[in-house]
Amino acid sequence: MTSRVPRRELLAYLIGAGVAGTILIGPYVLRAIAGEVYVPDRALPMAPIVVLPVVWGLWNLVWARRQPAIGVASWGAALGLGLACFINLTLAARGFWFRSALLTVPFLPLVYWLLWGFVVGPLNEALGVEGGVPAEIPRAGAR
Amino acid sequence: MAMLDVIRRGTPDPPHDLWPRLRARLEEQDDVVRLRIPSLGWTGVAALAAALATLWIVPDPLAFLAASGIL
Numbered sequence: 005m006t007s008r009v010p011r012r013e014l015l016a017y018l019i020g021a022g023v024a025g026t027i028l029i030g031p032y033v034l035r036a037i038a039g040e041v042y043v044p045d046r047a048l049p050m051a052p053i054v055v056l057p058v059v060w061g062l063w064n065l066v067w068a069r070r071q072p073a074i075g076v077a078s079w080g081a082a083l084g085l086g087l088a089c090f091i092n093l094t095l096a097a098r099g100f101w102f103r104s105a106l107l108t109v110p111f112l113p114l115v116y117w118l119l120w121g122f123v124v125g126p127l128n129e130a131l132g133v134e135g136g137v138p139a140e141i142p143r144a145g146a147r
Numbered sequence: 020m021a022m023l024d025v026i027r028r029g030t031p032d033p034p035h036d037l038w039p040r041l042r043a044r045l046e047e048q049d050d051v052v053r054l055r056i057p058s059l060g061w062t063g064v065a066a067l068a069a070a071l072a073t074l075w076i077v078p079d080p081l082a083f084l085a086a087s088g089i090l
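Going down the list, the sequences are from chains W and L.
In this note's numbering, each number is its position in the first sequence, counted from 1, plus 4.
In this note's numbering, each number is its position in the second sequence, counted from 1, plus 19.
Certain hints may be false.
Chain W stretches covered by chain L per the calculated footprint, using a threshold of three residues with CB under 8 Å from any CB of chain L [as the list claims (entries may be wrong)]: (1) 32-43; (2) 47-57; (3) 86-95; (4) 112-120; (5) 126-134.
Pairwise CB distance ranges (calculated) [unchecked claim]: (6) G60(L) to F100(W): 30 to 38 Å; (7) R42(L) to V54(W): 39 to 47 Å; (8) W75(L) to R46(W): 15 to 23 Å; (9) L74(L) to G75(W): 19 to 27 Å; (10) R70(W) to G63(L): 24 to 32 Å; (11) T30(L) to I29(W): 53 to 61 Å; (12) P52(W) to R55(L): 28 to 36 Å.
Note that these hints are calculated values from the structure, not bench results.
Owing to the predicted nature of the structure, the values given are computational and were not obtained by experimental measurement.
Backbone N, C-alpha and C fix where the C-beta goes; we use that ideal spot for every residue, glycine too.
Go ahead and model the full structure; you've got the sequences and the hints to work with.
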């Protein structure tokens, strides 16, 4: 079975998923260490972070497909805004909501703006996702 | 036997060490990607400062980061 996927879109998905997957080191490793060292007596709230690579990958794929008129950093910030709202709703639904969680609404878009502008954007550009020109990946045996 | 010697001399030995060939082939295919990181600029500094200030003002930064999905 073969399926034809535009290389730009596949690369866009992999870049988004790869960056988010790398960032997950924070929640999965540093969180355990920080929790054990600083707050061993209580559990830290858990956001639904497992799906982050998929969400980031799909968001970057949509970016590559639609090429919206805003910069990639602002595109990432929009994702951060949506996720912050979703996180607040999730925390409230689970009964873990706390007042300063509201600050994720301005905080996450800022962090995502930085990450998308300085990590995802340059990778998109380097691999030909952003400009509409597919990156030339040499095939085996190609001269 | 003389005929065999002639044939042996006329045929070069096969290359036993394939690593140099493999390395050469990999280097030939190696593509260089130019990663251009934009300069931080005042908007980047402002965003970074605002993010750090948020962490400064929240009463429990660890819980806040954990809720944000960053920690």
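Results for each hint:
no. : hint                          : verdict
1   : 32-43                         : holds (count 6)
2   : 47-57                         : holds (count 7)
3   : 86-95                         : holds (count 4)
4   : 112-120                       : holds (count 5)
5   : 126-134                       : holds (count 5)
6   : G60(L) to F100(W): 30 to 38 Å : 37 Å, holds
7   : R42(L) to V54(W): 39 to 47 Å  : 40 Å, holds
8   : W75(L) to R46(W): 15 to 23 Å  : 22 Å, holds
9   : L74(L) to G75(W): 19 to 27 Å  : 25 Å, holds
10  : R70(W) to G63(L): 24 to 32 Å  : 25 Å, holds
11  : T30(L) to I29(W): 53 to 61 Å  : 56 Å, holds
12  : P52(W) to R55(L): 28 to 36 Å  : 33 Å, holds
Figure legend: structure checked against the earlier numbered hints; every hint is met.
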